[in-house]
Structure formats: structure tokens, C-alpha cells
Amino acid sequence: MTLETSSLPACADPASTLTAFAGFHRIARGSRAELVAALRARTDDTPYLVFDDRSGAQIDLDLREPPAPAGEPPRGVGRPKLGVVAREVTLLPRQWEWLGRQPGGASVALRRLIDEARRVNAGRDAARAAREATYGVMTVLAGNLPGFEEAMRALFALERERFEQHLSTWPEDLRAHLQELSGASWTHE
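0 is the number of the first residue of the sequence shown in numbering that gives the first Met the number 0; add one for each residue after it.
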């Protein structure tokens with residue numbers, strides 16, 4: 000069987016924001032187009048790093064790329080209008096039998112099960128994603144700062160007060176950004 004998944008990478012979510020840092024200073028934040036425009040307008044040549052706020056992943060932006068045309072977003076790979084691609088799923092025979100007996104077939108049943116699991120676990124998933132995004136940015140920008148290891152332990156131990164205590168001596172822009180990214184970590188666990 001093939002499982003259909005979104006063809007967009009995590010950082011391509013149009014609702015996702017990006018943040019650029021030059022050293023420990025946050026120099027720009029916004030959509031991909033807004034960030035590209037802000038970085039093009041810079042007058043200094045200080046090196047910068049760009050992060051996806053949802054995933055914490057470091058993003059490489061090509062400032063030479065032309066602005067996206069207004070109107071419809073580019074269509075991705077997959078079925079028209081659905082934005083899906085096929086992937087293989089391995090199941091046990093009893094699982095295939097159960098899926099085969101479901102109304103609408105295996106694909107409909109799997110989509111329904113996944114949607115229900117996403118709904119039930121939304122808070123926990125958001126908290127985990129916030130910790131992972133914070134981890135990604137912290138590792139790159141703050142790995143050599145005092146209290147880094149202790150702050151990381153506090154983040155994953157869900158000890159907000161201890162986490163913020165270790166960040167208290169860090170540069171203001173970095174500290175504020177990490178507190179924003181980690182916000183959902185503390186509310187759903």
C-alpha cells in the first residue's frame with residue numbers, strides 16, 4: 000500500500016515564519032518573502048543565520064532568487080489540488096485485513112485514524128515541536144554560552160523557571176527568541 004503525505008517540506012509552510020540572526024542579534028523576522036526582502040536591504044555584510052521558527056531548522060536563503068509572483072502558490076508534487084505523494088506502508092496481515100473491511104477502503108481508514116490521532120495529541124505534539132525548535136536554534140546559536148547544558152536539561156525536563164534562569168544572562172534578542180519558541184513547551188505537558 001502507499002500512504003499519501005504532503006509534499007511540502009516543513010520549512011515551506013506558508014504560515015511559518017523565519018528569523019535571521021547576526022551573531023546574537025535578531026535582525027529580521029517574517030515570511031520567507033519578507034525575510035528575503037529585509038536581508039537584501041541590509042547595508043552591512045555581517046554574516047547571518049536564518050531559522051524556521053516552527054522547526055528550529057537552519058535555512059539557506061538564496062537572496063538572488065526572484066520574488067515569487069503574486070497569485071497562486073506554486074503547485075507541488077503529487078495529485079492535483081491534494082498536494083500528496085505516495086509512500087509505502089508495511090503492515091501485518093491482520094492489519095491489512097482490518098483496513099480492507101473499513102468503509103471507503105484502506106486509504107480512507109488511515110486518513111481518518113491519523114486525523115483523530117492528530118486531534119487527540121495536538122497539545123502534546125505542539126509542546127514537543129516547540130522543544131525541538133528551541134533545541135535546534137539553541138544548539139546553533141547558544142552552544143558555547145554559559146549554562147547551555149543546564150538550560151537544555153531544564154527544557155527537556157519541562158522546568159520552565161530553571162530554563163529561564165539559565166537564559167537570564169544571555170543576550171537579550173537570543174533570550175527573547177528562545178522564550179518565544181519554547182512557549183508551547185510549558186502549556187501542554
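Honestly, the hints are just simulated from the structure, not real lab data.
Only a predicted model underlies this, so the values are computations on that prediction, with no experimental measurement involved.
Each hint should be verified, as a subset may be incorrect.
Stated by the list, open to error - Label pairs and their calculated CB-CB ranges:
| id | residue 1 | residue 2 | range |
| --- | --- | --- | --- |
| 1 | 114 | 32 | 37 to 47 angstroms |
| 2 | 120 | 175 | 20 to 30 angstroms |
| 3 | 115 | 42 | 47 to 57 angstroms |
| 4 | 175 | 89 | 38 to 48 angstroms |
| 5 | 84 | 44 | 51 to 61 angstroms |
| 6 | 179 | 111 | 44 to 54 angstroms |
| 7 | 179 | 37 | 30 to 40 angstroms |
| 8 | 63 | 85 | 44 to 54 angstroms |
Note that CB positions come from ideal geometry on N, CA and C, so glycine has one too.
We went through each hint and held it up to the structure:
| no. | hint | in the structure |
| --- | --- | --- |
| 1 | 114 - 32: 37 to 47 angstroms | 31 angstroms, violated |
| 2 | 120 - 175: 20 to 30 angstroms | 29 angstroms, holds |
| 3 | 115 - 42: 47 to 57 angstroms | 52 angstroms, holds |
| 4 | 175 - 89: 38 to 48 angstroms | 45 angstroms, holds |
| 5 | 84 - 44: 51 to 61 angstroms | 40 angstroms, violated |
| 6 | 179 - 111: 44 to 54 angstroms | 34 angstroms, violated |
| 7 | 179 - 37: 30 to 40 angstroms | 18 angstroms, violated |
| 8 | 63 - 85: 44 to 54 angstroms | 34 angstroms, violated |
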